[in-house]
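Sequence lines, in order, name chains W, F, U and Z. Going by this note's numbering, the residue at position 193 of the first sequence is 201; the numbering climbs one at a time, nothing skipped. Going by this note's numbering, the residue at position 46 of the second sequence is 54; the numbering climbs one at a time, nothing skipped. Going by this note's numbering, the residue at position 79 of the third sequence is 87; the numbering climbs one at a time, nothing skipped. Going by this note's numbering, the residue at position 178 of the fourth sequence is 186; the numbering climbs one at a time, nothing skipped.
Treat the hints loosely; a few may be bogus.
If chains are identical, the list can't say which one is meant, so a pair holds when it fits in one copy or spans any two.
BS3-like, lysine-lysine: derived pairs with alpha carbons at most 25 Å apart [what the hints assert, rightly or not]: (1) Lys-18 - Lys-87; (2) Lys-69 - Lys-125; (3) Lys-10 - Lys-125; (4) Lys-125 - Lys-217; (5) Lys-158 - Lys-69.
Just so you know, these hints were derived from the structure itself, not from any lab.
4 protein chains.
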Amino acid sequence: MKETLVRRLKEVPLRDPIMVEGLPGVGHVGKLVADHIVEELKAEKIMEIYSPHFPPQVMVKEDGTVRQVRNEVYAYKGKDGEPDLLILVGDYQSATNEGHYELTGVFLDLAQEMGVKRIYTLGGYGIGQFVDKPTVLGAANDLALVEEMKGLGVVFQENEPGGGIVGVSGLLLGLGRLKEIDAVCLMGVTSGYLVDPKSAQEVLKVLSKALKVSVGMQALADRAKEMEKIISKLQEMEKAQMPYECAGGEEDLRYIG
Amino acid sequence: MKETLVRRLKEVPLRDPIMVEGLPGVGHVGKLVADHIVEELKAEKIMEIYSPHFPPQVMVKEDGTVRQVRNEVYAYKGKDGEPDLLILVGDYQSATNEGHYELTGVFLDLAQEMGVKRIYTLGGYGIGQFVDKPTVLGAANDLALVEEMKGLGVVFQENEPGGGIVGVSGLLLGLGRLKEIDAVCLMGVTSGYLVDPKSAQEVLKVLSKALKVSVGMQALADRAKEMEKIISKLQEMEKAQMPYECAGGEEDLRYIG
Amino acid sequence: MKETLVRRLKEVPLRDPIMVEGLPGVGHVGKLVADHIVEELKAEKIMEIYSPHFPPQVMVKEDGTVRQVRNEVYAYKGKDGEPDLLILVGDYQSATNEGHYELTGVFLDLAQEMGVKRIYTLGGYGIGQFVDKPTVLGAANDLALVEEMKGLGVVFQENEPGGGIVGVSGLLLGLGRLKEIDAVCLMGVTSGYLVDPKSAQEVLKVLSKALKVSVGMQALADRAKEMEKIISKLQEMEKAQMPYECAGGEEDLRYIG
Amino acid sequence: MKETLVRRLKEVPLRDPIMVEGLPGVGHVGKLVADHIVEELKAEKIMEIYSPHFPPQVMVKEDGTVRQVRNEVYAYKGKDGEPDLLILVGDYQSATNEGHYELTGVFLDLAQEMGVKRIYTLGGYGIGQFVDKPTVLGAANDLALVEEMKGLGVVFQENEPGGGIVGVSGLLLGLGRLKEIDAVCLMGVTSGYLVDPKSAQEVLKVLSKALKVSVGMQALADRAKEMEKIISKLQEMEKAQMPYECAGGEEDLRYIG
Numbered sequence: 009m010k011e012t013l014v015r016r017l018k019e020v021p022l023r024d025p026i027m028v029e030g031l032p033g034v035g036h037v038g039k040l041v042a043d044h045i046v047e048e049l050k051a052e053k054i055m056e057i058y059s060p061h062f063p064p065q066v067m068v069k070e071d072g073t074v075r076q077v078r079n080e081v082y083a084y085k086g087k088d089g090e091p092d093l094l095i096l097v098g099d100y101q102s103a104t105n106e107g108h109y110e111l112t113g114v115f116l117d118l119a120q121e122m123g124v125k126r127i128y129t130l131g132g133y134g135i136g137q138f139v140d141k142p143t144v145l146g147a148a149n150d151l152a153l154v155e156e157m158k159g160l161g162v163v164f165q166e167n168e169p170g171g172g173i174v175g176v177s178g179l180l181l182g183l184g185r186l187k188e189i190d191a192v193c194l195m196g197v198t199s200g201y202l203v204d205p206k207s208a209q210e211v212l213k214v215l216s217k218a219l220k221v222s223v224g225m226q227a228l229a230d231r232a233k234e235m236e237k238i239i240s241k242l243q244e245m246e247k248a249q250m251p252y253e254c255a256g257g258e259e260d261l262r263y264i265g
Numbered sequence: 009m010k011e012t013l014v015r016r017l018k019e020v021p022l023r024d025p026i027m028v029e030g031l032p033g034v035g036h037v038g039k040l041v042a043d044h045i046v047e048e049l050k051a052e053k054i055m056e057i058y059s060p061h062f063p064p065q066v067m068v069k070e071d072g073t074v075r076q077v078r079n080e081v082y083a084y085k086g087k088d089g090e091p092d093l094l095i096l097v098g099d100y101q102s103a104t105n106e107g108h109y110e111l112t113g114v115f116l117d118l119a120q121e122m123g124v125k126r127i128y129t130l131g132g133y134g135i136g137q138f139v140d141k142p143t144v145l146g147a148a149n150d151l152a153l154v155e156e157m158k159g160l161g162v163v164f165q166e167n168e169p170g171g172g173i174v175g176v177s178g179l180l181l182g183l184g185r186l187k188e189i190d191a192v193c194l195m196g197v198t199s200g201y202l203v204d205p206k207s208a209q210e211v212l213k214v215l216s217k218a219l220k221v222s223v224g225m226q227a228l229a230d231r232a233k234e235m236e237k238i239i240s241k242l243q244e245m246e247k248a249q250m251p252y253e254c255a256g257g258e259e260d261l262r263y264i265g
Numbered sequence: 009m010k011e012t013l014v015r016r017l018k019e020v021p022l023r024d025p026i027m028v029e030g031l032p033g034v035g036h037v038g039k040l041v042a043d044h045i046v047e048e049l050k051a052e053k054i055m056e057i058y059s060p061h062f063p064p065q066v067m068v069k070e071d072g073t074v075r076q077v078r079n080e081v082y083a084y085k086g087k088d089g090e091p092d093l094l095i096l097v098g099d100y101q102s103a104t105n106e107g108h109y110e111l112t113g114v115f116l117d118l119a120q121e122m123g124v125k126r127i128y129t130l131g132g133y134g135i136g137q138f139v140d141k142p143t144v145l146g147a148a149n150d151l152a153l154v155e156e157m158k159g160l161g162v163v164f165q166e167n168e169p170g171g172g173i174v175g176v177s178g179l180l181l182g183l184g185r186l187k188e189i190d191a192v193c194l195m196g197v198t199s200g201y202l203v204d205p206k207s208a209q210e211v212l213k214v215l216s217k218a219l220k221v222s223v224g225m226q227a228l229a230d231r232a233k234e235m236e237k238i239i240s241k242l243q244e245m246e247k248a249q250m251p252y253e254c255a256g257g258e259e260d261l262r263y264i265g
Numbered sequence: 009m010k011e012t013l014v015r016r017l018k019e020v021p022l023r024d025p026i027m028v029e030g031l032p033g034v035g036h037v038g039k040l041v042a043d044h045i046v047e048e049l050k051a052e053k054i055m056e057i058y059s060p061h062f063p064p065q066v067m068v069k070e071d072g073t074v075r076q077v078r079n080e081v082y083a084y085k086g087k088d089g090e091p092d093l094l095i096l097v098g099d100y101q102s103a104t105n106e107g108h109y110e111l112t113g114v115f116l117d118l119a120q121e122m123g124v125k126r127i128y129t130l131g132g133y134g135i136g137q138f139v140d141k142p143t144v145l146g147a148a149n150d151l152a153l154v155e156e157m158k159g160l161g162v163v164f165q166e167n168e169p170g171g172g173i174v175g176v177s178g179l180l181l182g183l184g185r186l187k188e189i190d191a192v193c194l195m196g197v198t199s200g201y202l203v204d205p206k207s208a209q210e211v212l213k214v215l216s217k218a219l220k221v222s223v224g225m226q227a228l229a230d231r232a233k234e235m236e237k238i239i240s241k242l243q244e245m246e247k248a249q250m251p252y253e254c255a256g257g258e259e260d261l262r263y264i265g
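Please work from the sequences and hints to get the whole structure.
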């Protein structure tokens, strides 16, 4: 296996579908949202994508069977005027720089083949401290799309994120432009220390309005509440330790969730 | 040499052979078992596999001659109702991520060509402390195979190993599924600090039952006893040092063997 | 996207153009000069170069839109006896060794196609301390070119830089020789700690004389003055701290600018 | 430039030439010997080899011109019964694992094309302390060759070097075997801390006998004497420091030369 392999499981006729990408990244915000949508909308898996650019690994499932790490594309046929959706989820992003380019190329070829005119990429924007008022930061590959997103409450800050957007969520915008596909990245502001379902909720609210698809929020709200409890506990512990060990705590928070 | 090269040494007609993989890994458990089987069954080398994904290195032998690092395939014609075997052994696994995918692809192509319907991959599962009661942990790419292995005493724990299975022992399961080849990974639980022939013995017992091939155990048992002595000595030394240097010892145990 | 992609935006007929390369590097000297020339001469963008060897990233612009990281080629039609120019600028050099070779190959193919007979590559030469009297160090792939540059005040020191010249500014000389294209690298001596517009000014002076193209200096002079102020402030701070923390300061100077 | 490029400068008819490889490595022993032979025998350069697997770099020469880093093949027409030689020298070995395999493949293809039946690869064997009595360690890809070399005073130690031989000096033996080319690696025992012309002298003595080509030694002897002086000085300094800083010195010895 030397090349990325797209395994097509099913033909589902879609009309001008919108693509939504949510692969693992900062705070797992994008992945939480996209996985949640797949589940809530009961979207149907139509493709599996395997690549030598993913880690050489299988995941072990509850029943003792394994699953090759991969990306997956799900299809959703819109009801009552809702648009059709293609949802891109998975275990990993590419483990190499070149792989990000190759895989994004594969995703955009699929998008073009399916008649996709717009892509939403989902991610987190880590700010290094706990977030009180969750917001959604945006960046797009088209000025009209920037304006449209502002209308939905998405925040656009000059030259923010300063370091640019790295990985597939960025490349789908940058390379998408070369193929004339409009694309916007919605980033939930998050500490970056923990899996953040609260930030994911905010992103989902915006995305749901943008797509004009109503998605149940409960599962994500439940996870957010659980995580809130964990954070409170961690913060208490941190306070309790503070006289002795000022700089502590933070290290312990990284990616529990 | 830019591509993986399969050098065929001999044609041996085999009937529905079962493939056994034992390349270097945690505690060298898989390698110990597979090398032992090759020797005990006097299996015949039929292929050498060279690859730019192996380290750029030759090994120096006792007589001053060298040998290019490689993987090898041995064939065993079963006697008295035993199945035929293909045994995959070698000096190294791939040194790169992409190489793991490429080499596993080569191994699976060979398996398909030879009519392999089932693969056993062998490895170790490091738990970071010395193991009192050796057990064999399993994962498979087919639910029926999970049940069958449970019948042989193999332990399947929910989502264990948590980090998945990395390397060729995992990929043969994951990518094997895409080619409709049943595969199971047998992992001897081991400290992970030392080459572990005792853990290898446990894996061999299970494998021998599963294959219905009887394999002499003595050589492995002898090595296990030797290693037991080394460990006892190390543990005594550790105790002796303890008042002075609590965290010692462990560092010294890594991969003596 | 598995290959470097040259996107041609416009055909501009040029006569024996001279190529000028200024990509990011030590002190951003080369980039400062080349970007400045593009702006001052109002050169026209004729190509964009995308590559999987660049970081997998988009830059976010002031208006909230993004831009895929890339290299760009600008064309300038010389006026009143000035030569025509091709100016190569961009966000990044290759992130991999092999990428440097591949991209330099692409640049040289373009140069050959456009009839380029001479290339100026621009860079900085970091000496690890603040520079009092700015000088321009040179290296060329042709002895006559060395002599010509000496006539313009460029300094050639035996075996200097001792570590050779790394990256596209070096490879355009080395691989350019194989295609019979004369090329010279002009390196502004700089601390290497900060973006250095003062060093860039010196390089621009030499380049402008060599090209016989007059380029306004004001914008670069303004930036140099600003940077001078920052450096004075940093040096004062450093002095103030010195009794307490001798080795300090330096760390703080790295790439502010 | 995506592929290794062999630039042929000249056709020199050779009869069954013997190949000698001396690229940079431990103590630069192999490079010292091969460069010395090229100079002493006034061998003629017939090929330059460029590769994206070398560092992306040019070297600056004394006159201010540059030279792309590369490997080179020199030819020597034997006189009075001497064999013809092909001598492989250069600035670097491959910077990547895969590159070692690719370049060795290129070297072996050239060897086969030129009718080479035997290869000598030259290197150093670092033992981590200063060497009193210099010896030459050997490894070969053919048992008869081992015996032949023993007759010339080359030492073969069981399974030594324990870590195998890494890089082109090893691969020419290992992959050479697959092409039925006899090859032996001669390793001068050296501290590994410094460029070691004394060890190179020992290797040259053996090689000269083996090739039945007489090579003047003076230049190498002169360099060895110079280095002896440097080492004596370093050892004195080390002694002088010892009461105060026991573990010192060694760090300072690394690769002066």
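Results for each hint:
Proximity of Lys-18 and Lys-87 under a CA criterion of 25 Å is satisfied intra-copy only: 20 Å inside one chain copy versus 45 Å between copies. Taking the closest pair of Cα atoms, Lys-69 and Lys-125 come within 25 Å of each other only across two copies (22 Å); inside a single copy the shortest separation is 36 Å, beyond that limit. For a Cα distance limit of 25 Å, the shortest separation of Lys-10 from Lys-125 across copies, 23 Å, qualifies, whereas the shortest one inside one copy, 30 Å, does not. Taking CA atoms no more than 25 Å apart as the test, Lys-125 paired with Lys-217 passes inside one copy only; the shortest distance there is 18 Å, against 51 Å between copies.
Proximity of Lys-158 to Lys-69 under the C-alpha cut-off of 25 Å is restricted to the inter-copy arrangement: shortest distance 16 Å between copies versus 41 Å within a copy.
In this structure, none of the earlier numbered hints is contradicted; all agree with it.
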